[in-house]
Amino acid sequence: MPSPVIEARDLRKLYKETAAVDSLSFEVAPGESFGLLGPNGAGKSTTMRMVGAVSTRTSGELSILGMDPNENGPDIRAQLGVVPQTDNLDAELRVRENLLVYGRYFGLSRAVVAQRADELLDFAQLSDRAKAKVDDLSGGMKRRLTIARSLINNPRILLLDEPTTGLDPQARHILWDRLFRLKEQGTTLVVTTHYMDEAEQLCDRLVVVDKGMIMAEGAPAALITEYSTREVVELRFGSERNADAAVTLAGVGDRVEVLPDRILIYADDGEAALSEAVRRGLHPITSLVRRSSLEDVFLRLTGRSLIE
Amino acid sequence: MTAVSEPRVQASGDASRPGDPKRWGAWYVAEHELRRVPTFIVPALATAIGSPLLYLLAFGVGLASLIKTGGTSGIGGVSYVEFVIPAFLCAGAVGTATEEFTFGVMMGFKWNEVYIGMNAAPISPRQIASGHILYTVIRMAVTSGIFLAIALAFGAIHLPAGLLVLPIALLGGLAFGVPIAAYSATIREDRGQFAVIGRSVVLPMTLFSGTVFPLTQLPIWLQWIGWISPLWHSTQLARDASYGQVEPGWLILVHVVVLAAEFAIGWAIFTRNTTKRLNR
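Just so you know, the protein sequences line up as chains U and Y, in that order. According to the numbering used here, the first sequence is numbered sequentially starting from 218. According to the numbering used here, the second sequence is numbered sequentially starting from 53.
If you're looking for bench data, these hints aren't it; they were derived computationally from the structure. One or more of the hints may lead you astray.
[Said to hold, decoys possible] Some chain Y residues judged to face chain U by a derived CB distance under 10 Å, without partners named:
(1) R69
(2) G71
(3) E85
(4) W163
(5) G169
(6) D242
Remember, predicted model here, so these are calculated numbers, not experimental data. Using N, Cα and C, we set each Cβ at its ideal position, and we do this for glycine too.
Make the full structure from the sequences, and use the hints.
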């Protein structure tokens, strides 16, 4: 494995007494697409800010492109692209102007910035909006402009903090397509998300973070194999009867989970598990056999109760 | 440059680094803010041209005719308009500075949070603070420069030393505005703090800083307002420049030192507070 572009060891960030990030260790290889998954408040954004060299860690070791963010913040940031959770575009400026002013922060000449801006507007499918006001853009367009802005310096690492939160499905798919192209060009991506489909789409490898700590690590498929079964059967009997049905289902599949509205059977062969349920005399109102997803892993690891 | 920045330099096609953000970062911040000027240029220019004309009309024609009867020995033997115009020029700079160092700072941190984006690029919090100061100096220089040109044209300020009124007014604006910016950088929620500053700091300061009457007219227990007020110090310096030295040399030195100190201390705290706020 080539030497990692990001190396975190026992990374820790305290706010007063609370640990937002607690002894996090991970590595990201060049060209890799790495995901930080976790519920709200898990410490994803704090980690991203430390990796982005704008937040000083409380303790632990952190190396970005071989440099320590405490010592070489500006040198590191010169080679990063950052897409923050909220688009902090300049709403007082036009679309293209946002790219022009941002490119200057990297010391690029006006001529270079102007050329890059046009290329990136094209990449972000915003060329026809170059002169529009930022406020007149849709959410998806603003997001694409923020991504275009983050690429103005040809970054070696692109940090994306919840890139598609709040976007409609069309906008998300366009964004994923653009990000996938960057990945193909060899840009290292670090993505935080709480959308499991996004993680499966974009990430080669990911860590599931909860309460500032890593709960699991691996490729999406490997995590599914490790923490879930190949398939899941979802049965609904009506909320009154689920508990009784669960007793009858004992021993079917690898594991049975009772939720308020339905029962989940984790099994490698879903159809077989469903047949067994019917053979035991159960008649669910609805039944569904599906592939296991990262969402099952996520909920298993971080629990089902609402985190607020 | 260091070896580590090599890949980015190759990628961007720059052979050397003439515009290194470590050196030029503050200027890039100012450049960004200057780019927004077209959005408010018309009202800003109208104010910049209109207000000196209004002051000249009101104090040169209106109030002056009333005061003439009482003689002008109390204000150093000059006409009232010559006495008051340098003060209004300095007060105008303070007004522009107040706007940029209250709402302007709050914009960057919160309402149009561009400072966070700048900091994600190689720009340091120190450069963000300095860049906003630089931009405000440029804005003050334009509005105060217009004021000065009009005042010179009407003979209310005198050449050649009157040209010094411009840097004096800018220093006064910074001495007042930058400490305010240090405070603005700490505000998380707008609960009308800036309106309070306007009413309880800017307004009394403008009234009791020897602007429309000499500070010595006030009882001694009110004169301290002038002594700490950047506006009094800049106004007195501006008068010294405009119609000849009316104060002893040591006092002129005091004016300069107080203004420079207020600016420098404000700058240091503004930088510290910006750093604290951005590095969470």
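* Structure-inconsistent hints, enumerated in ascending order -> 6
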